[in-house]
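2 protein chains.
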Amino acid sequence: MDTRTRIIVAAMELFWEKGFNSTSVADILSRSQVNSGSLYHFFPGKQDVLIGVLEAYRDGIGEMLLAPAWDGVADPIEKIFALLARYRRHIVETDCVYGCPIGSLALELHEPDPVVRALLAANFANWTAAVEARLVEAAERLPADLDRKALAEFVLTAMEGAVMQARTHRDVAYFDRMVAMLRAHFAMLTARRRAGLAPA
Amino acid sequence: MDTRTRIIVAAMELFWEKGFNSTSVADILSRSQVNSGSLYHFFPGKQDVLIGVLEAYRDGIGEMLLAPAWDGVADPIEKIFALLARYRRHIVETDCVYGCPIGSLALELHEPDPVVRALLAANFANWTAAVEARLVEAAERLPADLDRKALAEFVLTAMEGAVMQARTHRDVAYFDRMVAMLRAHFAMLTARRRAGLAPA
DNA sequence: GTCTATAAAAGGATAGAC
DNA sequence: GTCTATCCTTTTATAGAC
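Respectively, the protein sequence lines represent chains A and B. At position 126 of the first sequence the residue is numbered 126 (our numbering), and the sequence of numbers has no breaks. At position 144 of the second sequence the residue is numbered 144 (our numbering), and the sequence of numbers has no breaks.
Possibly wrong hints are sitting among the right ones.
Identical copies look the same in the list; a pair holds intra-copy or inter-copy alike.
[Said to hold, decoys possible] Taking lysine-lysine pairs in the DSBU-like style, the calculated list, with each CA pair at most 35 Å apart, reads:
1. K149 - K79
2. K79 - K18
3. K18 - K149
4. K46 - K18
These are calculated hints, taken from the structure and not from any lab test. All values derive from a computational prediction rather than experimental measurement.
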């Protein structure tokens, strides 16, 4: 693994574990086994390392997140819940300290520069686009007048909020209850489609 | 206003504007017009100022948040949406940089000490308890088998997630679409109650 | 309880040889 | 591209007079 990549990987881990502000450049150097001079050769400053990390998340969403989550799952709506199940696994495996790396950075950085903010937004947009595509695949089971973009975003916001609650309360049950509510929401939508009713 | 209160108020504002880690003790001293010696007379350290801030939020939820939001609103379900409208106003008034002060701290602090974590959890618990109480008031319009605690938490998680999205994209529309989805959810629940159907 | 001065450490970033 | 040494600023916290 080349030096630049080692730095990005180390920073990715550290920003996720401790946040951006609580991670020092010394932390990154120590974990990546790189010297100060090398890091500043590749990156003008700490903020540019963050940009590299956010680009890596953006470019890796398919391979790192979606593909593993959807392995062996064919049904489009089940793919959405399989994605949520992936987050549940992260929560359990970290004893409920898991935080979505993008969501945590989005709330930690109060005055991000435009490039950073755009990358955070792009990461969220890719996530919802992937969910929205599954809703399009399942179109015949959902109400014809459904706002698919809004529902895809709703899944993301519910996931982010639930991760926050599970983490704060140190209890996966908060995440599970969110999933149950979303399941109920989808059940009511498909019921509405089957009944051929006008919008509720 | 006494010194201790001035410190808490200044810190409350600063933690909300810049976050905990990005606020220095010097920032708090400057805004509150207090000297170093006085601050450390009242608080052992910066973290204890945070504890004071979280206690103030916890003790002030009724007066600072719920009462203003519910002024002139009688219907229990509308009170829930009036609370969300309050957040919408904050978002608009801050040009979409608004972040929920508790939610932001919950994600920024990756290894909070037990007292801080418990206070964050207590703040969330009070919020959902207030929503849950409105759901109890509206019980006759909702399905009998509804998990009211889960729905109250769902409202909180959706709000937190939507505030995150609106802020990251710098666009209230993300918040508005979440509210529309929640409205649809409530509409489907009340329709289910009126139809007297079994759980979807 | 409040004031000023300052200690002690950590942080981001740079210099310059190799 | 990599190495070591180091500068400079910021930050939390303390000392001790009043």
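Here is what the structure says about each hint:
Both within a single protomer and between protomers do K149 and K79 lie at most 35 Å apart by alpha-carbon distance, with minima of 16 Å and 27 Å respectively. Proximity of K79 to K18 under the C-alpha cut-off of 35 Å is restricted to the intra-copy arrangement: shortest distance 30 Å within a copy versus 37 Å between copies. In the homo-oligomer, the alpha carbons of K18 and K149 lie at most 35 Å apart both inside one protomer (32 Å) and across protomers (31 Å), since each shortest distance falls under that limit. Taking identical chains as interchangeable, the C-alpha atoms of K46 and K18 lie at most 35 Å apart whether they share a chain (15 Å) or sit on different chains (18 Å).
Of the numbered hints stated above, none is contradicted by the structure.
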